[in-house]
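Chain by chain, the residues:
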Amino acid sequence: MQLDWFTVAAQIGNFLLLLWLLKRFLYRPILAAMAARQQRVAAALTEAQAKAAAAEALQHDYLARQQEQTASRETWLTQAREEVVAQRQIWLAQARTEAEEARGRWRTELQREQQEYRRTLQREAGQRLLALVRRALHDLANAELEAQMASALLARLHALDGETRQTLAQAARDGCAILTAFPLPEPQRRTLTDGLQQFLSPELNLDFRSDPTASFGITLTTPSQRLAWTLDSYLDGFAAELQALIPPAGGDNASAYDQA
Amino acid sequence: MTISPDQTILFEFGFVRINATLVFTWLTMALLVGSARWTTRKLSATGELSPWQNLLEVLVEGVQNQIRDIARQDPGPFLPFIATLFLFIAICNLLAVVPGYEPPTGSLSTTTALALCVFFAVPFYGIRRHGWRGFLHLYLEPTPLMLPLNLIGELARTVALAVRLYGNVMSGGLVAAILLLVTPLVFPALMHALELLTGLIQAYIFAVLATVFIAAAATAQEQTANLSQSRR
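Listed in order, the protein sequences are those of chains B and X. Counted the way our numbering counts, the first sequence spans residues 340 to 599. Counted the way our numbering counts, the second sequence spans residues 125 to 356.
To be clear, the hints were calculated from the coordinates, so they are not data collected in a lab. One should not assume that every hint holds.
The list that follows gives simulated cross-link-like pairs (lysine to aspartate or glutamate, DMTMM-like), each with its CA atoms no further than 20 Å apart [unchecked claim]:
id: 1; chain 1: B; residue 1: K362; chain 2: X; residue 2: E181
id: 2; chain 1: B; residue 1: K362; chain 2: X; residue 2: E185
id: 3; chain 1: X; residue 1: K166; chain 2: X; residue 2: E181
id: 4; chain 1: B; residue 1: K362; chain 2: X; residue 2: D198
id: 5; chain 1: B; residue 1: K390; chain 2: B; residue 2: D400
id: 6; chain 1: X; residue 1: K166; chain 2: X; residue 2: E185
As the structure is a computational prediction, the values presented were derived from the model and not from experiment.
Based on the sequences and whatever the hints tell you, model everything.
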């Protein structure tokens with residue numbers, strides 16, 4: 340074994356130089372790179388954790404909003420259901436009211452129609468009765484019956500008040516005619532002439548006319564006045580009374596219906 | 125046949141003798157520093173690593189882990205010293221298979237120099253960590269009577285470090301040379317392969333022992349300080 344102390348010293352120097360060089364060119368850069376990588380990884384981890392935390396916060400926020408929306412949706416649905424039920428009740432009530440009103444109108448209309456029908460029936464019955472009576476009386480009418488009516492006409496002249504009689508006499512001076520459906524026999528003519536001259540004027544000049552289409556009865560006509568006793572006038576009076584008793588159809592009730 | 129590359133003198137001027145040990149040491153240093161400089165010129169702290177950077181990082185991290193496991197403390201202060209020891213010895217031993225290369229670790233001068241470095245590194249790190257007083261007190265433990273034995277122990281382990289490495293490396297080369305004379309085929313190649321293994325193991329052992337000595341000084345100092353505090 341040989342030991343060269345110069346070599347020993349030189350090797351110590353070499354080793355220390357190598358130590359310094361490797362420390363400068365190897366360990367420090369490598370350790371720095373490793374530390375930088377570790378820092379980068381740590382930063383990436385921190386960032387990832389921060390992002391995870393942010394994502395978790397977002398998830399919580401989203402879940403909270405979802406729950407809130409679900410709750411508000413439930414509230415809205417409940418409110419909407421209540422409103423629908425309330426509106427349904429209102430519409431049902433309105434429908435019931437309208438139905439009741441329609442039913443009332445229908446009843447009123449029905450009653451009105453029933454009354455109108457009854458009145459129409461009554462009127463038709465009255466008219467038919469009148470027509471029947473009229474036809475029966477026309478069938479029974481003849482000159483002798485009209486002669487009887489001459490007496491009735493004279494009796495009506497007697498019943499007139501003085502002023503009317505005066506007016507009629509004044510009108511008769513310009514001409515006076517007796518109109519009958521059948522030609523009057525001579526005795527009735529004479530009786531009528533005498534009676535009218537007595538009541539109206541002695542110079543009364545009567546003109547007797549007959550018209551088959553005229554109403555059964557005797558009619559005294561002057562240019563301005565007219566005095567008659569006819570079957571039609573009786574029946575017309577009866578019809579007027581009947582009409583007074585039975586109002587025409589579509590009267591007061593119809594106006595009441597329109598108002599409703 | 126030369127046993128040590130120290131005997132191969134290439135240049136001599138006075139007491140300055142440039143022998144093969146120094147020349148191959150410089151070559152090895154140039155190779156180490158050059159490759160380190162070339163590799164660390166474009167280090168990447170992000171993304172993909174180059175294979176060389178990956179290799180160096182594995183190496184540095186491996187040394188760090190070994191120091192941490194052995195010393196039970198932060199490997200930062202010891203890393204350059206221990207790693208340089210390991211890299212220098214390992215590269216020297218591995219290059220021994222290159223024809224014409226004579227490993228500087230086969231020189232007792234080199235191994236003595238490395239052992240002396242460890243010898244001075246122990247108090248250096250101890251004093252740096254705990255101060256002069258605390259470190260020198262270590263040699264008086266457990267009793268001042270043990271001071272001579274402690275000093276002898278320091279010297280003995282330094283000599284043991286130097287001789288162990290020198291003996292192993294020198295014997296490997298010597299055995300290969302003898303085998304080359306006896307059986308020129310097969311066996312020298314096998315012995316060279318074995319030499320690669322033993323070279324790496326020797327580098328590892330040297331680095332581990334250096335770590336143990338340095339860490340033992342620091343740990344012993346801490347234990348001494350703890351004992352002193354408990355006695356008070």
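Against the structure, the hints come out as follows:
no.	hint	verdict
1	B:K362 <-> X:E181	14 Å, holds
2	B:K362 <-> X:E185	14 Å, holds
3	X:K166 <-> X:E181	14 Å, holds
4	B:K362 <-> X:D198	17 Å, holds
5	B:K390 <-> B:D400	15 Å, holds
6	X:K166 <-> X:E185	19 Å, holds
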